[in-house]
Amino acid sequence: GAVVSQHPSRVICKSGTSVKIECRSLDFQATTMFWYRQFPKQSLMLMATSNEGSKATYEQGVEKDKFLINHASLTLSTLTVTSAHPEDSSFYICSASRTKAFFGQGTRLTVV
Amino acid sequence: GENVEQHPSTLSVQEGDSAVIKCTYSDSASNYFPWYKQELGKRPQLIIDIRSNVGEKKDQRIAVTLNKTAKHFSLHITETQPEDSAVYFCAASIGSGSEKLVFGKGTKLTVNP
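These protein sequence lines map, in sequence, to chains A and B.
Quick note: the first sequence, position 92, residue 92 per the numbering used here, numbers continuous.
Quick note: the second sequence, position 61, residue 61 per the numbering used here, numbers continuous.
If you're looking for bench data, these hints aren't it; they were derived computationally from the structure.
Hints may contain errors.
What the hints assert, rightly or not - Partial list, computed: chain B residues near chain A (C-beta under 10 Å): (1) GLY1; (2) LYS22; (3) TYR32.
All values reported here derive from a predicted model rather than from experimental measurement.
Heads up, the beta-carbon is just placed ideally off N, CA and C, and yes, glycines get one too.
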């Protein structure tokens, strides 16, 4: 299947700081990528759709000013969690589709 | 919007038995239904999928069935093995031809040796 790489896999940051997560499609071009958040023992919740060359589309209830998404190239989307708080601690996963959706390995964010 | 219900939330079977997980969806325009397996702390892995133009698809010990009229689809795992233990998620596309997915809440499958 297609390869989607996400970095970093784990990050610990202090409350109030910002964290950037990268999602790359390694062997195909993706005009659209998706960002999900997953809390422990829960399902994947779609946060936003990242569109190459244009603004991201956010799901209802997701703060666009807090979760900044940039999709500057056909192989890279970034999610920046700004002014992180402990309640933002979660597992963030990106996906990209090549007829089927493939996921990055996820980023475990812990805000202390 | 699309809503996906998944049952059961937990399932425990003996090695060699079959396991069945069921999902229902609400948007009749959905036309793509993948199933993912997720081990603890890891990414979801696509194990099988089905599109709305077929009613059943099989890949070795795994099969998926789709009933578009009733808007439900099921995952069937036969001859279960301990390594099948994981959380399984069903998903449905949002609308037709969409890459966006809505996921069920997941089923934790435990296969006892």
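Here's how the hints hold up against the structure:
1. GLY1: Given a least distance of 9 Å, the restraint on GLY1 (chain B) holds.
2. LYS22: Where the cut-off is 10 Å and the nearest Cβ of chain A is about 16 Å from LYS22 (chain B), the hint is violated.
3. TYR32: holds, 8 Å
Taken one by one, the earlier hints fail for this structure only at number 2.
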